[in-house]
Amino acid sequence: MNNPFKPCWKTILLILGCWAIAFVSQAQNTDSTKQESSSDEDFSMYDNVGFADEGARRYCSPKIEGLSPAKLISVGYDFQAGYGLGVDTFTNYTNTWEPDSARVLNSRGLRLGFNIPVISRTNLVWQMGANYWEQRYFMEDPDGSELKTAHPLLQTLSENGLRTLGVSTTVFKPLDDKRFLLFQGSADLNGDFSPLGLMPLKYLKYSAALVYGLRPNEKKQWGLGLARTYRVGELNYIPVFLFNWTDPANKWGTEILFPARAHVRYTINPRNMLFGGFELEGQSYRLWNTNGTPVKFRDEDLEIRRGEIRLRALYEFSLKDFVWLSVQAGYRINYRYEVDRLVDGQEIYRAFGLLSDAPYVMENRLGNPLYFQISLNLVSP
Amino acid sequence: MKKLTLFLMGLALCMQAFAIMPGDDGDRLLGVWEPSNGRARVKVEKIGSKYYGKIVWLKEPNDPKSGLPKTDMNNPDANLRNVPLKGYRMLKDFVYQENNQWSEGTIYDPLNGSTYSCTIKMTDPNTLDIRGYIGVSAFGRTDVWKRLAVKK
Chain Y
1 MNNPFKPCWK TILLILGCWA IAFVSQAQNT DSTKQESSSD EDFSMYDNVG FADEGARRYC
61 SPKIEGLSPA KLISVGYDFQ AGYGLGVDTF TNYTNTWEPD SARVLNSRGL RLGFNIPVIS
121 RTNLVWQMGA NYWEQRYFME DPDGSELKTA HPLLQTLSEN GLRTLGVSTT VFKPLDDKRF
181 LLFQGSADLN GDFSPLGLMP LKYLKYSAAL VYGLRPNEKK QWGLGLARTY RVGELNYIPV
241 FLFNWTDPAN KWGTEILFPA RAHVRYTINP RNMLFGGFEL EGQSYRLWNT NGTPVKFRDE
301 DLEIRRGEIR LRALYEFSLK DFVWLSVQAG YRINYRYEVD RLVDGQEIYR AFGLLSDAPY
361 VMENRLGNPL YFQISLNLVS P
Chain C
382 MKKLTLFLMG LALCMQAFAI MPGDDGDRLL GVWEPSNGRA RVKVEKIGSK YYGKIVWLKE
442 PNDPKSGLPK TDMNNPDANL RNVPLKGYRM LKDFVYQENN QWSEGTIYDP LNGSTYSCTI
502 KMTDPNTLDI RGYIGVSAFG RTDVWKRLAV KK
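As you go down the protein sequences, you meet chains Y and C in turn.
FYI, in the numbering used here the residues of the first sequence are 1 to 381.
FYI, in the numbering used here the residues of the second sequence are 382 to 533.
Next up, chain Y with everything else stripped away, as it sits in the complex:
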């Protein structure tokens, strides 16, 4: 008698065989981690193609080839070596304090930055950011003894330091494949406030820049515009010049938004870059804190107009993948550290003396120290 199961075993084995052949065939197809050789493929057929959607347009990119990567998150520390600080006579509504001076052993503080792309489209790029900077002053008397000043400005700088807390936005609007508009705006609270004792939002300082630019090729973009800025300490409206460029060999380049910053870049490789140049830093800092001084600053409408030029060398490199370290060292040159009284919050616009010669309440003197800054950054794709 024939075994009724014998044909079934054959059937099952045949089916399993078919499955195995098919499975191996598919598994071979999915091994796609290897790079293909291009030598045996004719790529010329891709020369003569155009947009499938005939209404589609090309727009220029906000970046050019070779630029240093944008920072999404930045955690840094700024350190200025010792220098002398002399403050002017200060008269308020009841008292007068004579000029005084101190030795700043060092001034230092955290610098935190956060940027996030909100919209990334071909025809519009919008980014939002936030930042927190602090500068704390460690002082002694000029003779090397403990600081014993009675001057309110030295007292609040020593006790409270200066801080900036702000938000910013950047909008890149390409007009076509060559022309673009770039807008940058920021709102900052600047003052001697403590991190837990913020000043009212009415003291926000607004800065903005609008640039019309051209991007003639992948390695160059330039533009002209106008900025409302506090970078020289007090409010100014100044022209700005953008010039980003990379040489054909991708070794040398410039990253310039003059007068805010200008750098020459040398690219060792795309993960190692050296820079030399300057940055203009500054803000108008409201004196607000009563900690450590008898003067009730918040009734005085005083602001420190701080502007400084930082001549510097930078080295930025990838520690691992998208984590970059930025190290810079240079010379901090004081441009302005005067104090203005903004009666009823009324801004003073001098236009470098062309529109007003209103005197400062205090004309202070700062030495120029060496400085050092380091930051750890998460960079953008």
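In short, the hints are calculated from the structure, not lab data.
Glycine residues also receive a C-beta, built at the ideal position from the N, C-alpha and C atoms.
There is no bait here: all hints are sound.
Facing chain C, from chain Y, some residues (calculated, C-beta under 10 Å):
hint	residue
1	N48
2	F51
3	A52
4	E65
5	P69
6	L72
7	I73
8	P117
9	I119
10	R121
11	D177
12	A249
13	D321
14	F322
15	V379
Since the structure of chain Y is provided, determine the placement of chain C on it from the hints.
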């Protein structure tokens, strides 16, 4: 019994074939695409059940210094720096999910030699939002790619 055996074999092969047969929704990604910077053209192909994109055209195909075809000179792996950029798979391992989205893939940027996590969203039949990111999607950048077709 022979007929039954043949029928079952045929059924097994058909089922396997359907698993790799093109024609599902994800295949709308197939074709040639141009990134927003216009520097390259990328052909998306399907291998197994995943999607891959290789560079098939470069605006500047040759290295300006040597005059030779560009290679992947910024690759962190020194062994791959001589691989020609034409034919290089810069999109890898994408799996079609639903709602015109492909994920689980990576995108490689030959300009800096970095590989990013990536998702693809088809916003219309001729437009892709390609989002490269680091860790979480918020830390990323979206580029818009356009479908290309042979000029008439």
